[in-house]
Amino acid sequence: MCARNVYQVPESFRYAPFYSTGTSFTCHDHYVDLEKKVKAEPFYFDMLYLVGEKLTEVPWEHSERSVPIVFKQWKELKPQLQEGFTQRKSSKQNESALIHALSLFIVCLFWTNETYVKGLHVKNMMISDLILKPVNCEERLLFVINKPTQYHSFVQLQQLFDEIEKIYHKGQAIKQMKHEKGITHIE
Numbered sequence: 001m002c003a004r005n006v007y008q009v010p011e012s013f014r015y016a017p018f019y020s021t022g023t024s025f026t027c028h029d030h031y032v033d034l035e036k037k038v039k040a041e042p043f044y045f046d047m048l049y050l051v052g053e054k055l056t057e058v059p060w061e062h063s064e065r066s067v068p069i070v071f072k073q074w075k076e077l078k079p080q081l082q083e084g085f086t087q088r089k090s091s092k093q094n095e096s097a098l099i100h101a102l103s104l105f106i107v108c109l110f111w112t113n114e115t116y117v118k119g120l121h122v123k124n125m126m127i128s129d130l131i132l133k134p135v136n137c138e139e140r141l142l143f144v145i146n147k148p149t150q151y152h153s154f155v156q157l158q159q160l161f162d163e164i165e166k167i168y169h170k171g172q173a174i175k176q177m178k179h180e181k182g183i184t185h186i187e
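Residue 1 is where the sequence shown starts when you use the UniProt record's numbering, and the numbers rise one by one after that.
These are calculated hints, taken from the structure and not from any lab test.
Don't take each hint at face value.
[Stated by the list, open to error] Straight line, CA to CA, 27 Å or less: simulated BS3-like cross-link-like pairs of lysine-lysine:
| hint | residue 1 | residue 2 |
| --- | --- | --- |
| 1 | 36 | 166 |
| 2 | 133 | 75 |
| 3 | 178 | 147 |
| 4 | 175 | 133 |
| 5 | 166 | 39 |
Given these sequences and hints, build the entire structure.
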């Protein structure tokens, strides 16, 4: 899978608050499972794809398997974030966890639409081209990205996750119905 172990973060991902110039990420061996890779680096697969690496696992092509992993990680992270705001921990303490949660939402949004994340600048994400997305997703996402440490951003992120999860499950149900109808026509 990986020709090298360390890669520069693609330029389209070097966008605050996610990455700065010169940041790198590590390519894991193929035996490290999807869940661990996404937990360590949500954009792992998207960035490897953009640097031209051959992927043994393409999460956006198997959203029925990958997206539930992202939802699970969000649900594990959410109580920590809530506690951070309840206990009024410093925004720096909560900031990395919030940025990680925000990263999880972005991959979830794109993988739900069976495509990869091309970059992290909201205006270049082309969210309007995505079929499955929360209402006013681009504006709301921009708000969270611009003020990731504010409580209102956390609330907005929670709402975005709730909405994309409903949209995802509805899409999976429709896909299943179409599949079942297709099988019925063959018989």
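Against the structure, the hints:
no.	hint	in the structure
1	36 to 166	24 Å, holds
2	133 to 75	19 Å, holds
3	178 to 147	41 Å, violated
4	175 to 133	16 Å, holds
5	166 to 39	22 Å, holds
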